[in-house]
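Can you build the whole structure from these sequences, using the hints too?
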Amino acid sequence: MGRNNAHWFALPAVALLGLFLLYPFLDVLRFSTWDWSGLSEPRVIGLENYRNILRDPDFYSSLRITLIFGAMTLVPFVILSILLALALDGQPYERPIKALLFLPGLVTLGGATVAWYTLFSPEYGALASVVPVPRWDQSPFWALVLVMLFTIWRHIGYGVLVVSARLKAIPKTLLEAAAVDGATAAQAFRYITLPLLRPAITFLVVIGTVLTLQGYTAVFLLTRGGPFGGTEVLGYYLYKTGFEVGRLGYAAALTVIILLLTLAFALAQARLLREEK
Amino acid sequence: MRWLGHLLVWTVALLVALPFIWMAYAAFIPPEAVFSGNIFGQLGFSLANFEVLGRGGFWEGFWGRLLFSVLLTGGVTLLQLTTGFLAAYAIKEGAKILPFFLVLLAIPVELLLVPLYGLLVGLRILDTLWALVLPFAASPFIVYLLFQGMRTVPEELLEAARLDGAGHRVLLTRILLPLLRPQLIAAGVLAFAAHWNLVLYPRIVAGSKELQTVQTWITDLQRQNPADWGPLSAAALAATLPLVIIYLLYERRIVETFEEGLKG
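Respectively, the protein sequence lines represent chains A and B. The opening residue of the first sequence carries number 1 in my numbering; numbering runs sequentially from there. The opening residue of the second sequence carries number 1 in my numbering; numbering runs sequentially from there.
Derived by calculation from the structure, the hints in this document are not laboratory data. Think of the CB as a built atom: it goes at the ideal place given N, C-alpha and C, for glycine as much as any other residue. Treat the hints with care, as some may be off.
[Claimed, not checked] Only part of the chain B face toward chain A is listed, based on derived beta-carbon distances under 10 angstroms: (1) L7; (2) W22; (3) G84; (4) A90; (5) P115; (6) L116; (7) I142; (8) L157; (9) L211; (10) L237; (11) E259.
Below, the structure written as structure tokens:
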């Protein structure tokens, strides 16, 4: 029997993904030229949405918040991933700890936020009865810190895994040779381990940027963009304009802009980190 | 230097575990202890918080929503594994469509709310069960994972079976299915977790009461009664425990799958 008819087995996946992933991805361009609330009859308005976004102070404010949040989250995330991977390497408890660190990324998001909320809420939280908790329900800065801690909590296991996989690929003989030549542990790290970890770090920075530019579920669950719009990241602004205010055309144009921003950032970072050699 | 590493690891581990420990503790706090504000003073154990969850009609209440979500997400997971398994087989058999799936991997699903909403309106399946199922019936990530697994199956094995007259059905069910069991389990857990954790999407495309998922139910409760930790934590624990148990059972397999994925 011919082997070619096996090709048909890919049809369900290809058809479903084509319709529900690829088509919407391209279709967003068409929606972005509409004035549309989802219920009303769409009206084609060309590039009007884009022109309005570029004049929209709320857009710039959420772009600024996103960039601050990204820098605030990414730097400690990457450093912590490296430190933990180094500290864990070769320890007897490496596996169980890695398993634990990985757990927050998989468990029920809604449940996880409930635990965080009841623990850290300055008004109703359990910690507040023991130690003073910063008023993140009133201070945009502390609200961002909370979302940052939650984001790191959820993804640290993956970060450690990425660095650790790379770490294990470094030949031990290289470090032994350095020790024989009289290099201190700090020197060996600076001149051997760190440069060899570069691909893993690049990967984490790029993935992390993409996630911070696009993610907003944690914001939705923990702070709802507040207080005073202080945690309104781009993704949340997109959700709000589209589905709370009901301007779907405008939200589609925002989607396109966020995608372009993501692409530009990811390319620039990959390039910078590669050239720095 | 070494003790500093130990200290770091155990501090972080404790902080990561803290919300889980708290969740398990708070779920069994007697309601009186919460009202008196004395949560750590008197240790108590009570199932009252779980009883509260059972109030109201079954199907509209927490346990009904939990059952609905388990069935929904379980069904979607099976669909994803089936479509992924078949597609991976087609690629293994020489269909040159792997790049198609790899390109799709780069599309950020979280950002597609608006066009997906438009599509569902166009197909007239907004606010139906289909809106929660069809967009997730196939996943490029699962196709990729399963194909990675199938690559390790020696071609000679399939060739020998074919010479013995085995058709696609026999190859798929008798040979590849048992051989790919570990990959299917890992992919299944990840697919389950991904669908289980959808928060905004179900809220938008399927808002009616009988389609509410357990995530939406919990977040709504949190909005309404933010100070009522007992029942909140009980609900969070009950909604989290199934995933934690599945994860602990297959932890090694899942972490290894991620590690293999990083090498590729």
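The hints, checked one at a time:
With a least beta-carbon distance of about 9 angstroms to chain A, the hint placing L7 (chain B) at the interface is held under the 10 angstroms criterion. With a least beta-carbon distance of about 5 angstroms to chain A, the hint placing W22 (chain B) at the interface is held under the 10 angstroms criterion. Hint status for G84 (chain B) relative to chain A: holds, with the closest Cβ pair at about 6 angstroms, below 10 angstroms. A hinted interface residue such as A90 (chain B) counts as satisfied when its beta carbon comes closer than 10 angstroms to some beta carbon of chain A; here the least separation is about 4 angstroms, so the hint holds.
Hint on P115 (chain B) holds. Least Cβ distance to chain A is approximately 4 angstroms, under the 10 angstroms limit. At about 5 angstroms, the closest approach between the beta carbon of L116 (chain B) and any beta carbon in chain A falls short of 10 angstroms, and the interface hint on this residue holds. A cut of 10 angstroms between beta carbons decides the hint on I142 (chain B): the least distance to chain A is about 9 angstroms, and the hint holds. With its C-beta approaching chain A no nearer than about 15 angstroms, L157 (chain B) sits outside the 10 angstroms limit, and its interface hint is violated.
Checking L211 (chain B) against chain A by beta carbon gives a least distance of about 16 angstroms; that is not within 10 angstroms, so the hint is violated. The interface hint given for L237 (chain B) is met, as the beta carbon of that residue sits about 7 angstroms from the closest beta carbon of chain A, less than 10 angstroms. Evaluation of the E259 (chain B) hint against chain A yields a held restraint, the C-beta minimum of about 5 angstroms falling below 10 angstroms.
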